[in-house]
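Just so you know, the protein sequences line up as chains R, E and D, in that order.
Residue numbers for the first sequence follow the working numbering, beginning at 1 and rising by one.
Residue numbers for the second sequence follow the working numbering, beginning at 1 and rising by one.
Residue numbers for the third sequence follow the working numbering, beginning at 1 and rising by one.
Hints listed in this document are in silico derivations from the structure and should not be mistaken for laboratory results.
There may be inaccurate statements among the hints.
Each pair may be met inside one copy or between any two copies, as identical chains are not told apart.
Pairs of lysine to aspartate or glutamate residues, derived as EDC-like cross-links and limited to a Cα-Cα distance of at most 16 Å, are as follows [said to hold, decoys possible]: (1) 284 - 336; (2) 477 - 401; (3) 290 - 251; (4) 284 - 148; (5) 197 - 244; (6) 454 - 194; (7) 180 - 126; (8) 477 - 63; (9) 448 - 420; (10) 435 - 401; (11) 94 - 80; (12) 396 - 244; (13) 448 - 419; (14) 247 - 233.
The residues making up each chain are set out below.
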Amino acid sequence: MFGQKMQAIVLAAGKSSRFQTGKSKLVETICGQEMILFSTNLLSTLNIPTTIVLGYQKEQIQEIINKKHGGAVNFIKQQEQHGTGHAVACTQNKWDREHILIMNGDMPLVRQDIIIDLYKKHIEQDAAISFVTSCCTGSNHSYGRVIEDGKTIEIIEAKEFHGQKTEVCIINAGIYLVKKEFLQDSINEIEKSETTKEFYLTDLVKIASDQGLTICTVNAPFDQIRGINNLQELWAAEQVKRAELIKHWMEKGVRFGIAHTVHLELDIEIGPGSSIGCSVHINKGSRIGKNCIIQQNSIIENSILESNVMVHPNSIINNSYISSGASIGPFAYIRENTIIKEQAQVGNFVEVKNTILGSGSKAKHLSYLGNATIGKNVNIGAGTITCNFNGVSKNKTIIEDNVFIGSNNTIVAPVIIQEDSFTAAGSTITENVPKEALAISRTRQINKENYGPKLKKRYEQTERDTKESFIAAAKVKEASTEL
Amino acid sequence: MFGQKMQAIVLAAGKSSRFQTGKSKLVETICGQEMILFSTNLLSTLNIPTTIVLGYQKEQIQEIINKKHGGAVNFIKQQEQHGTGHAVACTQNKWDREHILIMNGDMPLVRQDIIIDLYKKHIEQDAAISFVTSCCTGSNHSYGRVIEDGKTIEIIEAKEFHGQKTEVCIINAGIYLVKKEFLQDSINEIEKSETTKEFYLTDLVKIASDQGLTICTVNAPFDQIRGINNLQELWAAEQVKRAELIKHWMEKGVRFGIAHTVHLELDIEIGPGSSIGCSVHINKGSRIGKNCIIQQNSIIENSILESNVMVHPNSIINNSYISSGASIGPFAYIRENTIIKEQAQVGNFVEVKNTILGSGSKAKHLSYLGNATIGKNVNIGAGTITCNFNGVSKNKTIIEDNVFIGSNNTIVAPVIIQEDSFTAAGSTITENVPKEALAISRTRQINKENYGPKLKKRYEQTERDTKESFIAAAKVKEASTEL
Amino acid sequence: MFGQKMQAIVLAAGKSSRFQTGKSKLVETICGQEMILFSTNLLSTLNIPTTIVLGYQKEQIQEIINKKHGGAVNFIKQQEQHGTGHAVACTQNKWDREHILIMNGDMPLVRQDIIIDLYKKHIEQDAAISFVTSCCTGSNHSYGRVIEDGKTIEIIEAKEFHGQKTEVCIINAGIYLVKKEFLQDSINEIEKSETTKEFYLTDLVKIASDQGLTICTVNAPFDQIRGINNLQELWAAEQVKRAELIKHWMEKGVRFGIAHTVHLELDIEIGPGSSIGCSVHINKGSRIGKNCIIQQNSIIENSILESNVMVHPNSIINNSYISSGASIGPFAYIRENTIIKEQAQVGNFVEVKNTILGSGSKAKHLSYLGNATIGKNVNIGAGTITCNFNGVSKNKTIIEDNVFIGSNNTIVAPVIIQEDSFTAAGSTITENVPKEALAISRTRQINKENYGPKLKKRYEQTERDTKESFIAAAKVKEASTEL
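Here chain R stands alone, though its shape is the one from the complex:
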């Protein structure tokens, strides 16, 4: 099995100061996944046991890793940060396999084949140390440079390099594979830099070169090895990942509107024949079936949509389950623990939370349904509110099959409205409604004839009075100021 002669050290102790956010960059997400997990997932897929060197915001990073890998990853704390050489030295008593793979924790786009190629070449050539390089075209950057003259090879860190910074050069990507013996022998030979007072891991290359040991390099495209040192690089990396994901789903039969406005995350599924509108977000944990239509600006988060679901524009679906043929939105907000059954319809300005809406039922306008269980073929009138909260506890509304709830109803939970019943428009329902009954709670309308003009006159008089009293008050104030 690949990986069995290797173990990995991931360097993740840095302060991310160039991010300027006050947070470790390793907890920032790329397409919904925290940056540090790109490294740990890669190593886990390759069956390489991993030790992470942590420092800044150790607890937060550790929690993320443990949540994903359930304790399969080891942690070492680098108390003080004296450079990459020092970080690796801290892990010394964890070294128990033949080859030690060392990589930075901020390289989310590294692919398996880079590691596999590195390992193969390292073994084939029986190298003391092997590392990944890339070709970098101009522009000032923060990578170490690989300087090779045919006989010797070394890496000069960016901070120590004083030559022409913008010329094309070979850079050190930050992935090393080192024979344990060589690492043990040489890790303590690294000398502190006079410029930065740091110990550079990259000095190992010169040490090996000076001893005439074999050194291998593997070249990789820059886009795959780019390190993330500031928010612009994070943004660039997310662009790369997002474009990859969109291309992947296009190839699986998913149509996109203006693709470069769509946000997809990792850990989603989209069925063939589905169509994703402009500015849609599909966040992790979502499973979208075949022939669904998700229209523009909708957000699907950790939710399941069966097939043939229609999501109209500007809808949000969180942690819910939408059955086949249902129609949602526009402007609908489906919140946690909601189940919308087959062919049911949730319309505009409707919020649904912790509720089951039965098959064929409709809640099409300006409603709030919370803590409710609603049967089949129920019609919820426009403006209906389930009052599930009394300031202390949440209570349940049950509406059975074929009920017709009139418009602007206020349904005070706990309450049961039995099948085939009606409620009159404008009612406040506080008591259970029996099967087939009509529940009504409203006052008879009175038309006060000719009252309109009087009312208007009264309001106008009040308005005049108010204005006059304001003016009077202002005059008083002015007078008193003048005194």
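For chain R, the structure is supplied; the task is to place chains E and D on it using the hints.
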């Protein structure tokens, strides 16, 4: 008249299997127009009578074409699909003009001048067969290659080509103009490919070349002849078309926000001085007047906006008519058959359907107006619902000029509220309201003094009881499980 | 002090006819700032007193400048427009400093250092006239060309140039620094063009050259000197500016979603650690604190958000103040003069205007709060409407601390609801509510048993009757038509 010596055969029988959507690609839209219509519109503009060879999803494609061209296009069914040569052979008894133009149905970006140039050169040089070529830079593709050695010329289909696939080459675009006599003589001479068991139409070129007949080629930019074989190519074609449309309207005096987030369709109008915000969609059939402002994320679909209309962000207007000076949104949803008159205002979280809102009238907050005719200078209070549906039929609400509808009203149709009348806040209006009357239907407020703390205590007690009974029930369950 | 020997003339009289909008281009905004202000701000920063030559839409432009610079800028009206030479001649009696800086008003991307470099070189070399050039790669454009043969130098206006238009060339950017004496001596020597009947300011270069005077040029990148002559160029300039702003805030620790869908304006602040979602707009006058999260498609306009504010998707905040830890949206609309206090929550489909919402208070669903002062820890039930408008005047609602407003309440202002009180769901509150009271205004519910089926039968009968009468009416009509 151009076109009178030509007839066209459009090849549209394929299965679109690389789309992976289960649908024929020809029904997919590009800027609102189905792909097949790009070809048929082009040929119709050039007065070239057209026969379409259909196979997969024949009915759907035929319906789209007939809806547009009203029966002016002929159809031939290719029962089984044995390649392009076979498809053309199927149309044999339709050939009645001097020159037969043959093109693929999946080339939406072809412009008139390509066809005109092809025809001119074909006639001038008295060619047996003429075809369109393009220059293709590298990358693996699915086009046939044009191989010419000065003496002979032939097209090698991608599937038959075994050379270096990534080098720059001349490709066959898929548009041919053939003399009827030559086509009749040679269509049955095409031999079945051993590799694919298909008859390639492109073999005609070699046949003509072998007979020493004249063959013309016309070169066109790749962007104009690109065929659409998968969803990525569809996306690329739509990008090209969309950018063209945006440029066109910019030149006509329309300002765009972040233009690359805007979706425009064909068959729209936008007046000069209008401004289109970020992520706006303007769909086919829309006519927008001068100096309108459509703010971000709004969607205008098959609707007419006169001049000086203001559409605030996140509004949707479908199949409706908005008069000069009206203001819509934000978060408004104007649905089918709505007319908003001059200076009227529809505000946030308001849905209007099948309704006339008179000039100067306002419905600014959280309302649903359906099947209503509303006069001038009417004020619709926040939270008003017209109850137009009783579970069986839809009924009409009539609100005359200068009416003031109080907040949170429930207006049960059919009902007429006459001019200059008022309705009190919180009322349910079930009966007609006479002119100048005040309609009121509400219960007098009672303040139960000191009742608040009791109520809270009661709710808290219930909450405690519920929790206790849950715990008790859980214990019982646990006990019974242990047994 | 830089600027003390200079004065500036800005040419801003043109008709902007290529914009096709009917408006002067100088009032169009770029990232929220009117185009003309980019020039006036630049000159004001450099302490150069400025005279603007106005013509078309003089009043609108003057108003914008005065609003910003409070009368510190002079205006000259160019009555008729006879070219740039004529425009400058109109300002003749304003010339009172040693060097006259002349620039076009439609160059929003010019940076300070260009002006500083131009001045330095002009002074060092004791030039009669100095001007800014740029290198332009091909494409037909509207810039004058700089023609230099080692001995003489001149600028040929685009309209007078008849050579190969698409070759690479040096263009005249439109920024000149001229010695007052030279300007005075030569401004009237410019001859009218036979082609356009205009006086070209650029002829000054040839005049100086012919007299053997020193002429300096300073080269600048095209992106910084691009003039804006049509809506596409405006769009390109705004893209450049917007990208600059996003880069700036990224460097300050702000994370962006899909950055190329975000609209930022000038005159904003965003604190480090904040995150800005896709398609968000942050408009001028906004100040966003640390660690805020503004989710996708939200719009912040001239508002202050303290730290740790959460804005859920699709929310709009205008001219308001949001305190630390508050949560807004999704689908919330916070309008002018609103203050949301610490930890308060405004939820979905809620509009708040001219209102204070106290700390820890919640209005989470489908509500309208206007002209209200709401205390701490208040719960506003779903569907609550404050009725602040009676058709004539606006009135105030006061809700004190710890009040619980039931769902679907209609609160008719002016009204005071005192602390610790409750209102029952579905109530219309028209009178003040004392401390700790329960206010209730609703009718007891009646359940009419077995009434449901009767009601349905009745509705169905009416529906049948209506249809029959339609059919009968249609038949009558048809019969009468046949007569």
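Results for each hint:
no.: 1; hint: 284 - 336; result: within (15 Å within a copy, 36 Å between copies)
no.: 2; hint: 477 - 401; result: neither (66 Å within a copy, 31 Å between copies)
no.: 3; hint: 290 - 251; result: within (14 Å within a copy, 41 Å between copies)
no.: 4; hint: 284 - 148; result: neither (45 Å within a copy, 53 Å between copies)
no.: 5; hint: 197 - 244; result: neither (40 Å within a copy, 36 Å between copies)
no.: 6; hint: 454 - 194; result: neither (91 Å within a copy, 75 Å between copies)
no.: 7; hint: 180 - 126; result: within (12 Å within a copy, 71 Å between copies)
no.: 8; hint: 477 - 63; result: neither (63 Å within a copy, 34 Å between copies)
no.: 9; hint: 448 - 420; result: between (36 Å within a copy, 13 Å between copies)
no.: 10; hint: 435 - 401; result: within (10 Å within a copy, 42 Å between copies)
no.: 11; hint: 94 - 80; result: neither (19 Å within a copy, 67 Å between copies)
no.: 12; hint: 396 - 244; result: neither (45 Å within a copy, 53 Å between copies)
no.: 13; hint: 448 - 419; result: between (38 Å within a copy, 14 Å between copies)
no.: 14; hint: 247 - 233; result: between (21 Å within a copy, 11 Å between copies)
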